[in-house]
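Asker: Spelled out, the chains give:
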Amino acid sequence: MDEAGLIAAAQQGKVDAFNELVLAYQQQVYNLAYRILGDPASAADATQETFISAFQTIGRFRGGSFKSYLMRIVANGCYDELRRRKRRPATSFEDFGDVDEDANPALINGHEGPEAYAERQEMAHVIQAGIKTLPPDQRVTLVLSDVQGLSYQEIAEATDVSLGTVKSRLARARGKLRDYLRAEGELLPARYRLDREAIGDRVHGDLGQESVGTGG
Amino acid sequence: MGRLFARQDGAREQADERHPADNGHPWDELLSAYLDDQLSAGERARLEAHLATDPHLQAELDALRQTVALVRDLPPIPLPRNFILPQTADKLHPADKLHPADKLHPKTARPQFSPSPRPRRAWAAPLLTAATTVVSLLFGVVLAADLWFSSVGRLPLAPAAEPLLEAEAPQPQAFAPSPGIEEAVTETEVEAEAGKAVPAATLLPMPTDVFYPPQPPREAPAEAAPEVEQYASEVPENAEPAAPAADGGPTEEPAPPGPPAAAGVAATPTAPAMPEGLDATAPGIGAGSSGEESAPPTPAPGLPVVEEVPVVSTVPAEAPATPAEGVGGTEPTAGWVAEAPEAPPAAVEEEERDEAAGERGAPEGDVVRLAPIAPWRVLEVVLGLVALGLALVTVWAWRARRR
Chain A
0 MDEAGLIAAA QQGKVDAFNE LVLAYQQQVY NLAYRILGDP ASAADATQET FISAFQTIGR
60 FRGGSFKSYL MRIVANGCYD ELRRRKRRPA TSFEDFGDVD EDANPALING HEGPEAYAER
120 QEMAHVIQAG IKTLPPDQRV TLVLSDVQGL SYQEIAEATD VSLGTVKSRL ARARGKLRDY
180 LRAEGELLPA RYRLDREAIG DRVHGDLGQE SVGTGG
Chain B
0 MGRLFARQDG AREQADERHP ADNGHPWDEL LSAYLDDQLS AGERARLEAH LATDPHLQAE
60 LDALRQTVAL VRDLPPIPLP RNFILPQTAD KLHPADKLHP ADKLHPKTAR PQFSPSPRPR
120 RAWAAPLLTA ATTVVSLLFG VVLAADLWFS SVGRLPLAPA AEPLLEAEAP QPQAFAPSPG
180 IEEAVTETEV EAEAGKAVPA ATLLPMPTDV FYPPQPPREA PAEAAPEVEQ YASEVPENAE
240 PAAPAADGGP TEEPAPPGPP AAAGVAATPT APAMPEGLDA TAPGIGAGSS GEESAPPTPA
300 PGLPVVEEVP VVSTVPAEAP ATPAEGVGGT EPTAGWVAEA PEAPPAAVEE EERDEAAGER
360 GAPEGDVVRL APIAPWRVLE VVLGLVALGL ALVTVWAWRA RRR
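So the sequences go chain by chain: A and B.
For the first sequence, position 205 matches number 204 in numbering that gives the first Met the number 0, and the numbering has no gaps at all.
For the second sequence, position 36 matches number 35 in numbering that gives the first Met the number 0, and the numbering has no gaps at all.
These aren't lab readings, by the way, just hints derived from the structure by calculation.
Don't be surprised by glycine CBs; every beta carbon is placed ideally from N, CA and C.
Treat the hints with care, as some may be off.
Derived CB-CB ranges, DEER-like [stated by the list, open to error]: (1) A/112 <-> B/43: 35 to 43 Å; (2) A/3 <-> B/399: 51 to 59 Å; (3) A/150 <-> B/72: 13 to 21 Å; (4) B/75 <-> A/3: 21 to 29 Å.
Examples of chain A residues lying across from chain B (beta carbon under 7 Å, computed) [said to hold, decoys possible]: (5) 46; (6) 50; (7) 174.
Could you put the whole structure together from the sequences, leaning on the hints where they help?
Answerer: Dropping the structure here:
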């Protein structure tokens with residue numbers, strides 16, 4: 000059955016049909032929730048709640064992208080969760096579980112050795128830590144865009160803001176994350192610094208001149 | 000690293016003229032949009048012109064691009080489990096039930112995502128709290144009552160016993176005249192004579208019929224009648240059942256008295272029985288007091304003891320019932336009251352009993368201790384456990400809700 004058919008059936012209260020949709024999207028939903036919230040338990044809760052909520056409100060779904068519809072629910076749920084944590088920081092479990100969750104032997108590429116895999120894991124942790132430093136709206140926007148691959152328009156709809164707001168939030172989020180990665184740069188595996196070093200080397204010469212120019 | 004920071008600072012110096020540093024890098028919005036190909040043709044042309052002449056800007060763009068690439072390359076997180084909904088989920092289907100779908104509608108200012116579980120728990124936690132409170136209070140009341148009564152039962156038992164005797168005393172007299180009441184008389188007399196025995200004897204007869212398997216008590220009166228003292232010595236054994244009545248308070252005894260009370264739930268039958276009994280005793284006592292000197296003092300102490308009063312009342316009420324079966328077991332009190340007035344003449348006997356009662360004080364205490372009272376304590380334990388369980392569930396509910 001195609002997605003439209005499943006949605007139509009789900010709109011008539013058929014759980015089986017809806018569960019087909021769950022199976023199709025749960026990885027994305029969970030992934031999004033995990034990247035925004037940063038810990039597996041909260042992500043699982045948010046995912047479950049997303050699907051329950053989606054099922055309950057699917058009657059009002061009027062076509063369009065079902066993925067966007069789900070993303071919207073997840074984003075809002077995560078947003079609320081983040082704000083709730085802000086109110087009760089003590090209940091945060093953010094520091095639990097990253098390592099284990101990110102470690103997924105199945106993701107080892109055939110041509111990738113254990114070391115490379117370990118580097119990738121470390122890289123993922125640093126990035127996740129950087130995402131966590133972002134304020135909620137920027138965090139959600141960044142994850143929707145760069146983890147989930149939503150378009151500006153989709154993000155605008157999912158988060159109920161204008162395209163301009165999406166643009167600026169995303170830019171700030173990326174800029175902060177870039178700065179964070181720079182600050183943590185020494186912690187990154189060498190191969191993830193290659194690019195930057197190359198840029199640095201290339202820019203360095205210019206930079207000297209530029210600095211001088213600015214100074215003068 | 001130093002170089003990188005230097006590079007960054009350089010870029011910042013360029014741009015900070017126009018934008019506060021807090022907003023990040025001034026060019027970032029353009030660069031970010033550029034990466035996503037979200038710039039208008041004009042914007043892009045201008046930016047590209049800048050990039051061509053500004054290596055710092057180019058470096059920023061590259062760094063930003065790499066950052067985005069790193070985020071995009073984040074490995075997917077393995078699912079901890081499946082998130083398919085249970086078949087029962089369709090019962091929740093009506094969207095408005097838990098979640099106003101409006102919240103999810105794009106046009107709402109700030110869509111609120113309220114996961115369904117939370118609303119469900121929302122009412123559960125307060126409700127559980129209320130339930131816990133009620134049960135706890137109930138438990139407290141019952142416990143307090145038990146403690147109070149048990150303490151009262153031990154100390155004032157002597158007085159309490161006296162009232163019993165006296166209350167009963169009138170009965171015997173009243174009944175004595177009646178034909179079939181001889182048994183009753185014997186019982187009452189026995190009670191009166193045997194200080195300890197009195198409560199036991201009076202109480203026992205009733206219980207015996209309904210609840211208490213041990214029938215010795217019943218027979219006891221007959222035997223005891225002649226030999227009071229002996230009986231008293233013997234009584235303790237028989238008295239045990241009676242003792243609970245004294246300790247446990249009205250609930251126990253009343254229950255058994257009710258002929259149908261077989262149900263065992265003392266509470267309901269007792270309640271009605273008690274008031275009647277009280278009334279009955281009260282008048283009886285009053286009558287006795289008016290007629291006699293000794294009578295008034297004894298009843299007085301007995302009355303204050305709330306529980307015991309009922310006991311007394313019930314006892315007499317039942318006592319007549321058992322002996323005078325023909326009189327009408329259900330409403331012994333009525334007959335009681337009516338007969339009570341006649342009691343005064345028998346005052347002399349009562350006086351004797353009163354004396355006996357005075358002696359009884361000590362022995363009764365023993366009887367009380369022997370008593371193994373069950374239902375009262377069982378009720379306490381059950382209430383306590385329920386309260387504890389509710390409290391735990393409540394705590395859990397609040398926690399779940401807070402999550």
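Asker: Decide, hint by hint, whether the structure agrees.
Answerer: Here is what the structure says about each hint:
1. Range check, residue 112 of chain A to residue 43 of chain B: about 41 Å between beta-carbon atoms, so the 35 to 43 Å window is met.
2. Under the hint 51 to 59 Å, the C-beta atoms of residue 3 of chain A and residue 399 of chain B, about 37 Å apart, miss the expected range.
3. Taking 13 to 21 Å as the suggested C-beta distance range, the pair residue 150 of chain A and residue 72 of chain B conforms, at roughly 19 Å.
4. At about 26 Å, the CB distance of residue 75 of chain B to residue 3 of chain A agrees with the hint of 21 to 29 Å.
5. With a least beta-carbon distance of about 5 Å to chain B, the hint placing residue 46 of chain A at the interface is held under the 7 Å criterion.
6. Residue-level restraint check for residue 50 of chain A holds (minimum Cβ-Cβ distance to chain B is 5 Å; threshold 7 Å).
7. With its C-beta approaching chain B no nearer than about 4 Å, residue 174 of chain A sits inside the 7 Å limit, and its interface hint holds.
When held up to the earlier numbered hints, the structure conflicts with hint 2 and nothing else.
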